[in-house]
Amino acid sequence: MPDKDAIQNFIIDAVASGLGEGAKIGPETALLGKGAVLSSLRLVELLLQVEDYCLENDIPFVWTTDAALSEKRSHYRTVESLSGYVYGFLSDGRKDAP
Amino acid sequence: MSLLGELLRRCPDPDRPFLLGRGASLSLRDIAAAPLSDLSSLRAGDVVALIGAFDPLSISTLLRLLDRGVIVAPLTPDSEARHDEFFAQAFVSACIRAGRVEQLPPVKGTHPGLDYLRQRGEGGLILFSSGTTGGPKAILHAAPRLLASYHKPGRSLRALAFLLFDHIGGLNTLLHMLFNNGEVVVPRSLSVEDVAADLQDYAVELLPTTPTFLRLLLLSGILDEDPFPALKLISYGTELMDQPTLDALCKALPTVDFRQTYGMSELGILRVQSKARDSLWMRLGGEGVRAQVRDGLLYIHSGNRMLGYLNAPSPFDKEGWYCTQDMAENEGPWFRIKGRQSGLINVGGLKVLPAEVEKAALLFPGVALVKAMGAPNPVSGEHVELICQFAAPFASGEEQKRVKAALREHLQKTLPASAVPLRIRLENVPLNYRYKKK
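Quick note, the sequences are listed as chains L and E, same order.
1 is the number of the first residue of the first sequence in the numbering used here; add one for each residue after it.
1001 is the number of the first residue of the second sequence in the numbering used here; add one for each residue after it.
Watch out, some of these pointers could steer you wrong.
No farther apart than 25 Å at their CA atoms in a straight line, the calculated lysine to any residue pairs in the SDA-like style are these [what the hints assert, rightly or not]:
1) L:LYS34 x E:PRO1254
2) E:LYS1251 x L:SER17
3) E:LYS1359 x L:ARG42
4) L:LYS34 x E:ASP1247
5) E:LYS1251 x E:LYS1351
6) E:LYS1351 x L:SER39
7) E:LYS1413 x L:LYS34
8) L:LYS34 x E:GLY1343
9) E:LYS1371 x L:SER74
10) E:LYS1351 x L:GLY18
11) E:LYS1404 x L:LEU41
12) E:LYS1404 x L:TYR53
13) E:LYS1404 x L:LYS34
14) E:LYS1338 x E:SER1396
15) L:LYS34 x E:LYS1371
16) L:LYS34 x E:LEU1223
17) E:LYS1404 x L:ASP58
18) E:LYS1371 x L:TYR53
19) E:LYS1401 x L:ILE25
20) E:LYS1401 x L:LYS34
21) L:LYS34 x E:PHE1228
22) E:LYS1401 x L:GLY35
23) E:LYS1338 x L:VAL62
24) E:LYS1318 x E:GLN1119
25) L:LYS34 x E:ARG1271
26) E:LYS1404 x L:GLU21
27) E:LYS1371 x L:ALA16
28) L:LYS34 x E:SER1189
29) E:LYS1404 x L:ALA23
30) E:LYS1359 x E:ILE1337
31) E:LYS1232 x E:ASP1257
32) E:LYS1371 x L:GLU51
33) E:LYS1351 x E:LEU1246
34) E:LYS1371 x L:GLU21
35) L:LYS34 x E:LEU1246
36) E:LYS1371 x E:PRO1254
37) E:LYS1371 x L:ILE25
38) E:LYS1351 x E:LYS1232
39) E:LYS1413 x L:ALA14
40) E:LYS1413 x L:ARG42
Please keep in mind that the hints were generated in silico from the structure rather than gathered at the bench.
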């Protein structure tokens, strides 16, 4: 079962692979809003990759939830917040988004 | 009276610019005073493609062409790869780029709808729409009939031109504001940050947009601080809105009114009333507009509907009803859309035909069967997914990875960004007992 660092590294690699060589991606990299490195379609693609990764690692991650949109501070804002969100499903065994 | 004459008559101050943003400034007096491009070689009844955007030159040219009785096909540079196809489908004889008229090779044939306009000396508008089957449809409108809907007074607002110059929604924003002494702000780009900055800097009152853009706006966190004090109204359309997104928007922007728009290029301009700001129920009105649900599908009859397609049979029945292919329910005069009946995939308001994606995938070496489909997501509404079956099995997992990456690259090169599958699965395509794809 992956730990939080492994999840974050997977997300960093997935973001970087979509941006080509030379892209510097870290935990603070913005995925949404000001300074976001991804277009809306690339963000969907990333979340699909994360979904596949979670499926392979038995993490009951759900991202197509309305709750994510009604949150004032979205879990998808940065690499770190997304990693934490995914890890939450693993550590809490949550079946649905918070 | 000419269109320009009518607009000048309705305008209390023709010197006031109605076009703002991105350095633009254009008043009706500017247009009336001097043409910005030489249109002397064009005659009434000519079919002319106008490649432009919401800028002074394009708007001035559009109004002048309509006044000359020209049949205009507004296009944008974004669709340049398909312009030759559009020209052929719509019998286009000349094209205007950056204000310059270019004569195209002689047109073979004509269409009864074009001849009808020529006989009556009326201008026309041609819009292109992705049909549910086959290629794009060339939709012909009689300009006087389409413009008649603007003669009834409406609200005068400062609106952002979010929808494009070749879209009936974009033209509707422009014409509505022109006829009602409103103002149009041209956004610097359609990114969430730039639109938000324009809404603030120009104190925009009306934002006509799509549910996808509104979802991105919610996700961005920009709405946390009530950033748009001037904003009075957000109208949303072109794709399905969902109740949780609308509820979140109503909560985040408590002083803004939300209204659904509903329309199709074939039907002209419909007047839509939302039951409440947080309701997806709507009532359809406008010139000769009637609506009804038959067998779960929404049918509409519209007085300012198109004359017809230039490249396809008429979609109207004998009484003039049009099947929207939208699944709907109604309670008395109120209607609610539940989704599309057809397989058209709606990626952030852009329509993608599964057949277009499948055709591109089948061009990749070794591909035997493919199936493209839409899948829901909370960001762009839908995205494209592809199941791809190869003729021969892969020698190793490594080879499968390499082929998948090459296929992805091939699709990125051959398809528009919105049509590129975001998830590709290399597996057998499910078939039913008749060997048709499930």
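Evaluation of the provided hints:
1. About 23 Å separates the Cα atoms of LYS34 of chain L and PRO1254 of chain E, which keeps this hinted pair within 25 Å; it holds.
2. A threshold of 25 Å between alpha carbons decides the hint, and for LYS1251 of chain E with SER17 of chain L the separation of about 37 Å lies outside it, so the pair is violated.
3. Between LYS1359 of chain E and ARG42 of chain L the CA atoms are separated by roughly 23 Å; this keeps the pair inside 25 Å, and the hint holds.
4. Only pairs whose Cα atoms come within 25 Å are accepted, and LYS34 of chain L paired with ASP1247 of chain E is accepted, the gap being roughly 24 Å.
5. Among the hinted pairs, LYS1251 of chain E with LYS1351 of chain E is inconsistent with the structure: their alpha-carbon atoms are about 29 Å apart, more than 25 Å.
6. A distance of roughly 18 Å separates the Cα atoms of LYS1351 of chain E and SER39 of chain L; the hinted pair therefore holds under the 25 Å criterion.
7. A threshold of 25 Å between alpha carbons decides the hint, and for LYS1413 of chain E with LYS34 of chain L the separation of about 29 Å lies outside it, so the pair is violated.
8. About 35 Å separates the Cα atoms of LYS34 of chain L and GLY1343 of chain E, which puts this hinted pair outside 25 Å; it is violated.
9. For the hint linking LYS1371 of chain E to SER74 of chain L, the alpha-carbon distance of about 33 Å lies beyond 25 Å, and the restraint is violated.
10. Annotation: proposed proximity of LYS1351 of chain E to GLY18 of chain L holds, straight-line Cα distance about 24 Å (limit 25 Å).
11. The hinted pair formed by LYS1404 of chain E and LEU41 of chain L meets the criterion: a straight-line CA distance of about 19 Å does not exceed 25 Å.
12. At roughly 17 Å between alpha-carbon atoms, LYS1404 of chain E and TYR53 of chain L fall within 25 Å of each other, so this suggested pair holds.
13. Restraint check for LYS1404 of chain E and LYS34 of chain L: the C-alpha separation of about 33 Å exceeds 25 Å, so the hint is violated.
14. Taken as a hint, the LYS1338 of chain E and SER1396 of chain E pair is broken in the structure, with Cα atoms around 44 Å apart against an allowance of 25 Å.
15. In summary, the hint linking LYS34 of chain L to LYS1371 of chain E is not supported, as the alpha carbons are separated by about 37 Å, beyond the 25 Å threshold.
16. At most 25 Å may separate the alpha-carbon atoms for a hinted pair to count; LYS34 of chain L and LEU1223 of chain E meet this at roughly 13 Å.
17. Of the pairs offered as hints, the one joining LYS1404 of chain E and ASP58 of chain L holds, with about 23 Å between alpha carbons and a cut-off of 25 Å not exceeded.
18. This hinted pair checks out: LYS1371 of chain E and TYR53 of chain L have alpha carbons roughly 23 Å apart, not beyond 25 Å.
19. Simply put, LYS1401 of chain E and ILE25 of chain L have alpha-carbon atoms about 24 Å apart, close enough for the 25 Å limit, and the pair holds.
20. Of the supplied pair hints, the one linking LYS1401 of chain E and LYS34 of chain L is violated, its CA atoms being roughly 34 Å apart against a limit of 25 Å.
21. Proposed proximity of LYS34 of chain L and PHE1228 of chain E is supported: the alpha carbons are some 17 Å apart, at most 25 Å.
22. Using a Cα cut-off of 25 Å, the hinted pair LYS1401 of chain E and GLY35 of chain L is violated, with the two alpha carbons roughly 32 Å apart.
23. Only pairs whose Cα atoms come within 25 Å are accepted, and LYS1338 of chain E paired with VAL62 of chain L is accepted, the gap being roughly 23 Å.
24. For the proposed pair LYS1318 of chain E and GLN1119 of chain E, the alpha carbon gap of about 24 Å is at most 25 Å, so the pair holds.
25. Annotation: proposed proximity of LYS34 of chain L to ARG1271 of chain E is violated, straight-line Cα distance about 36 Å (limit 25 Å).
26. As the CA atoms of LYS1404 of chain E and GLU21 of chain L are separated by approximately 20 Å, the hinted pair is consistent with the 25 Å bound.
27. With a CA separation close to 29 Å, the supplied pair LYS1371 of chain E and ALA16 of chain L exceeds the 25 Å bound.
28. Taking the CA atoms of LYS34 of chain L and SER1189 of chain E, the gap is about 14 Å. The hint holds against a cut of 25 Å.
29. Only pairs whose Cα atoms come within 25 Å are accepted, and LYS1404 of chain E paired with ALA23 of chain L is accepted, the gap being roughly 23 Å.
30. At most 25 Å may separate the alpha-carbon atoms for a hinted pair to count; LYS1359 of chain E and ILE1337 of chain E exceed this at roughly 30 Å.
31. As the CA atoms of LYS1232 of chain E and ASP1257 of chain E are separated by approximately 6 Å, the hinted pair is consistent with the 25 Å bound.
32. In summary, the hint linking LYS1371 of chain E to GLU51 of chain L is supported, as the alpha carbons are separated by about 21 Å, within the 25 Å threshold.
33. This hinted pair checks out: LYS1351 of chain E and LEU1246 of chain E have alpha carbons roughly 22 Å apart, not beyond 25 Å.
34. The suggested pairing of LYS1371 of chain E with GLU21 of chain L is violated, with an alpha-carbon distance near 32 Å, which exceeds 25 Å.
35. For the proposed pair LYS34 of chain L and LEU1246 of chain E, the alpha carbon gap of about 23 Å is at most 25 Å, so the pair holds.
36. At most 25 Å may separate the alpha-carbon atoms for a hinted pair to count; LYS1371 of chain E and PRO1254 of chain E exceed this at roughly 43 Å.
37. Under the criterion of a C-alpha separation no larger than 25 Å, the hint pairing LYS1371 of chain E with ILE25 of chain L is inconsistent with the structure, at around 34 Å.
38. Distance restraint check for LYS1351 of chain E and LYS1232 of chain E: the Cα-Cα separation of roughly 29 Å exceeds the 25 Å cut-off, and the hinted pair is therefore not satisfied.
39. With a C-alpha separation of about 20 Å, the suggested pair LYS1413 of chain E and ALA14 of chain L falls inside the 25 Å cut-off, and the hint holds.
40. Distance check on the hinted pair: LYS1413 of chain E and ARG42 of chain L sit about 16 Å apart at the alpha-carbon level, within 25 Å; holds.
When each numbered hint is compared with the structure, violations occur for hints 2, 5, 7, 8, 9, 13, 14, 15, 20, 22, 25, 27, 30, 34, 36, 37 and 38.
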